[in-house]
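Residues 39 to 214 in this note's numbering are what the sequence shown spells out, letter by letter.
Hints were generated in silico from the structure; no laboratory data involved. Where a beta carbon is used, it is the ideal one built from N, C-alpha and C, also for glycine. Possibly wrong hints are sitting among the right ones.
For each label pair, taking beta carbons as the anchor points, the in silico distance ranges come out as [said to hold, decoys possible]:
(1) Gly48 x Arg179: 53 to 59 Å
(2) Gly79 x Leu185: 21 to 27 Å
(3) Met73 x Arg121: 26 to 32 Å
(4) Glu193 x Gly48: 21 to 27 Å
(5) Asp70 x Ser94: 26 to 32 Å
(6) Glu64 x Thr132: 27 to 33 Å
(7) Glu76 x Ala143: 28 to 34 Å
(8) Ser94 x Thr165: 26 to 32 Å
(9) Lys41 x Gly79: 41 to 47 Å
(10) Lys41 x Arg107: 25 to 31 Å
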Amino acid sequence: MSKGNKQKVGLVQAFMHEPDLLVLDEPTSGLDPLMQQEFLGLVRDARAAGQTVFMSSHVLAEGQHVADRVAIVRDGRLVAVERVESLGKRAIRTVEIHFGDPVEAAEFAALPGVSDVLVSGPVLTCTVNGRLDPLVKAAARHDAVDLLASEPDLEDTFLSFYYHSEGAGDGARAGA
């Protein structure tokens, strides 16, 4: 029996008794993309039925699509437990703002959470860690023509806990 078929049998066994608590370790390992989608549907159905699903996965998009809350473990320590939306609000994203006239990079580089500011003519590109509000307010003082912000995903957020000082703390951050 192939790894994928063994995994399918294990998932059927786990879900068929409709337990109150499901503990799943890398449940989509070995599954083809179609079966991964079927599995995520089973998780959604289990949640809707009031079951608790505790899932460990290195495929972060799975958590983003089915989890209410996510725990991030770094070096064997729990560093965050938060709602998926809360993590997204703290995530690092790339922002590009088009202005009617050139702007000074220094004004934007001084803003909280803003880094890697680059100005090329009337276009400003930067990285924002956390809320966009300070950047948007600063841009509004100029002739802002367009604003493009990347939507952070769970993988970007996870990586920020490993590579950026704010997310690299040792204690767990409780989220509601």
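Checked hints:
| no. | hint | in the structure |
| --- | --- | --- |
| 1 | Gly48 x Arg179: 53 to 59 Å | holds (58 Å) |
| 2 | Gly79 x Leu185: 21 to 27 Å | violated (36 Å) |
| 3 | Met73 x Arg121: 26 to 32 Å | holds (28 Å) |
| 4 | Glu193 x Gly48: 21 to 27 Å | holds (25 Å) |
| 5 | Asp70 x Ser94: 26 to 32 Å | violated (20 Å) |
| 6 | Glu64 x Thr132: 27 to 33 Å | holds (30 Å) |
| 7 | Glu76 x Ala143: 28 to 34 Å | violated (49 Å) |
| 8 | Ser94 x Thr165: 26 to 32 Å | holds (30 Å) |
| 9 | Lys41 x Gly79: 41 to 47 Å | violated (21 Å) |
| 10 | Lys41 x Arg107: 25 to 31 Å | holds (29 Å) |
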